[in-house]
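Chemist: If you read the sequence shown in the UniProt record's numbering, its first letter stands for residue 1, the second for the next number, and so on.
By construction, these hints were calculated from the structure, which means they are not laboratory data.
Be careful, since some hints might not be right.
Claimed, not checked - Taking lysine to aspartate or glutamate pairs in the DMTMM-like style, the calculated list, with each CA pair at most 20 Å apart, reads:
| no. | residue 1 | residue 2 |
| --- | --- | --- |
| 1 | 31 | 227 |
| 2 | 31 | 72 |
| 3 | 188 | 172 |
Unchecked claim - If you anchor each label on the Cβ, the simulated ranges turn out as follows:
| no. | residue 1 | residue 2 | range |
| --- | --- | --- | --- |
| 4 | 216 | 129 | 37 to 43 Å |
| 5 | 209 | 74 | 43 to 49 Å |
| 6 | 118 | 246 | 32 to 38 Å |
Quick reminder that beta carbons are idealized off the backbone N, C-alpha and C, glycines included.
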Amino acid sequence: MINMTMDYAIITQNLTKDFGNVIAVKNLNLKIQYGKTYGILGPNGAGKTTTVRMLNSIISPTSGTAQVAGYDIITQSKEVKMNCGFLPESPGLYQKLTAVEFLEFIGELYYLPKELISSRIDELLELFDLEDRENDLLEGYSRGMKQKVCLCAALIQDPTIIFLDEPTSNLDPVAAKMVKDLISDLAKKADKTIFICTHLLDAAEDLCDMIGIIDKGVLKVEGSPRDIINSVNAEDLEDAYLKIMGATKIEDLLAWREETPNNN
């Protein structure tokens, strides 16, 4: 049983998820304070998305436990979901709905009053520059526009904790910059706790108070971006990540290629 304190938005204890013979997440232990932005980094298949899905009570752990916003992810899954906003990596949308209709549906799932739903939708669509297309069917939206609608859905109930799985995926540079600024503002000005899965190391370095690097389901390193960089004498987070993961630098790959016989 986790000894939950008021300081922590997320606590996990030996959180583990198996899929048959595959261990997706193994004995994960996290303590994330309220109001902090936490980034989890790792290659594809490292266990990032599985971790987020467990923390949102979408899938149950094989063993271990966690509390999110003070609620147990297994026995209090409804309360967890009511306090969390979640942007999945590959979100699904009802293509035959308009943006307004879809967001009204999401707001009703959270039992929000109709007047509040309406005002939140107006604010969010304006924020993401979608107000001119709010009554168009989602099937006619670009991938980037659909991503914006999903971000609106993750924020509509003004959640305590926001989980973002690759939040800038499919966005053009201007929209991606806007999302990064929004994440920063949500943490610093609105005191939100934000949990980000991302491949964008420069964004993680800029936005995150703490970072965890996960590989094959195991948390390898955790700390502030600066502490992680300093721990391996790296120039920046990208350099540190490559050193920690044991990745070979491009010059080493080129040297190997030159030394390989019959390489014409």
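Chemist: If a hint holds in the structure, say so; if it does not, say that too.
Modeler: Cross-check of the supplied hints:
no. : hint                     : in the structure
1   : 31 with 227              : holds, 17 Å
2   : 31 with 72               : holds, 14 Å
3   : 188 with 172             : violated, 24 Å
4   : 216 with 129: 37 to 43 Å : holds, 40 Å
5   : 209 with 74: 43 to 49 Å  : violated, 28 Å
6   : 118 with 246: 32 to 38 Å : violated, 52 Å
The structure shown violates the earlier hints numbered 3, 5 and 6.
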